[in-house]
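Chains as they are written, first to last, in the numbering used here: chain A, 103 to 214; chain B, 5 to 116.
It is possible that some hints are incorrect.
[What the hints assert, rightly or not] Capping the alpha-carbon separation at 30 Å, the derived lysine-lysine pairs in DSS-like fashion look like this: (1) A:Lys161 x A:Lys201; (2) B:Lys17 x A:Lys172; (3) A:Lys201 x A:Lys172; (4) A:Lys201 x B:Lys61; (5) A:Lys158 x A:Lys172; (6) A:Lys201 x A:Lys159.
Derived by calculation from the structure, the hints in this document are not laboratory data.
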Amino acid sequence: TQLLEQSPQFLSIQEGENLTVYCNSSSVFSSLQWYRQEPGEGPVLLVTVVTGGEVKKLKRLTFQFGDARKDSSLHITAAQPGDTGLYLCAGVSAGNNRKLIWGLGTSLAVNP
Amino acid sequence: KAGVTQTPRYLIKTRGQQVTLSCSPISGHRSVSWYQQTPGQGLQFLFEYFSETQRNKGNFPGRFSGRQFSNSRSEMNVSTLELGDSALYLCASSFQGTTEAFFGQGTRLTVV
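Same shape as in the complex, but just chain B (with noise of 0.2 Å):
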């Protein structure tokens, strides 16, 4: 069975500028969770979807944005790009009722 597919891998944007990018989970599984992953902050929890419905939301400010499509894929959008948000930005996709997750290869985000 396909794993997690996160696109692209990489991507430099330049500041103030937005981006999207796109998960797509294992078949079958309908919640999905997006990260923001940086070496001093660690794994920060962005948002999780289930079924087209955001279910839980991160502390992070309203640029970061988020929306599931009804066959479970994902997208996760910034806006007004920052330096700060440069990261490994990674997508997870967790079976009903489960909570073990699994990821993408996730995507390097550099703001220049």
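Chain A extracted, bound-state conformation (with noise of 0.2 Å):
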């Protein structure tokens, strides 16, 4: 079974610091996704990352993909109270029937 970890599962910080959070898992993705949940809504996608050890960034935020294709991580500069959400990974498993395995999340709080 194939699984996505993410750590770490709370993170509350003030605003104008910097965070990471991760997401591992050991299998191999062809792909992966991250999204960003407000309350009271659906996710919403934020990036996709597709080649081991891409970089992409938007705005203040940085995906990063693994160069094996097993994880990511996302780091956000300097933190704005709009950034507050519950941060999620989908990899999108190898072979023919391509399925999203979703990680449980990470629930950022940016207090000001």
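Need the complex rebuilt from these two chains, each delivered in its own frame; the hints are there to steer you.
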């Protein structure tokens, strides 16, 4: 069974701080997606990383896919209250049956 | 382009009753997936439909069922509701051949 572990589970920081959240697995994924979910809403896709070692930037957010395509990280620089939410990673299983394997998420609270 | 629409947003049902939830995907998206989200279990995959056919199914009891219509709209039904069915039910649509999921706002189901 493919599993994606996200850490930390909860994170509470002050505005302006930097943070990194992790998404790890023992399985190889063909690609990996990051989503952010705000309370009362559905998850919203932030980025998809496809190539091992790939780095993508979205304003203050930096996403990295591990060289072996088994793990990923999300780094936020100078966090703002608007970054508050649940960050979910989802790996796309390799092979013909491309299913999304979801992590449990990192709940981030950025305090003003 | 309009996003994924789920109705109703909130629902309160009694144990033993049944419920039907509706999802209208983004225009042009033929794949619709359903998820159950709870704080402890995260996003749990229920099933995926493509062109009116169930393509994938998660590990949920037979009380959970779904269908998709020719216009790609989808419904899911839960019969004989249990207290543990209380959750946020999310629908996501995807464009053919892709795995990126576009979620609706969800239906918050409370079983009392």
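Hint-by-hint comparison with the structure:
Distance hint between Lys161 (chain A) and Lys201 (chain A) is fulfilled; the C-alpha atoms sit about 29 Å from each other, no more than 30 Å. With a C-alpha separation of about 41 Å, the suggested pair Lys17 (chain B) and Lys172 (chain A) falls outside the 30 Å cut-off, and the hint is violated. Restraint check for Lys201 (chain A) and Lys172 (chain A): satisfied, since their Cα atoms lie roughly 15 Å apart, inside the 30 Å limit. Of the supplied pair hints, the one linking Lys201 (chain A) and Lys61 (chain B) holds, its CA atoms being roughly 10 Å apart against a limit of 30 Å.
Between the alpha carbons of Lys158 (chain A) and Lys172 (chain A) the distance comes to roughly 17 Å, so the proposed pair stays at or under 30 Å and holds. A threshold of 30 Å between alpha carbons decides the hint, and for Lys201 (chain A) with Lys159 (chain A) the separation of about 25 Å falls inside it, so the pair holds.
Of the numbered hints given earlier, the model fails hint 2 alone.
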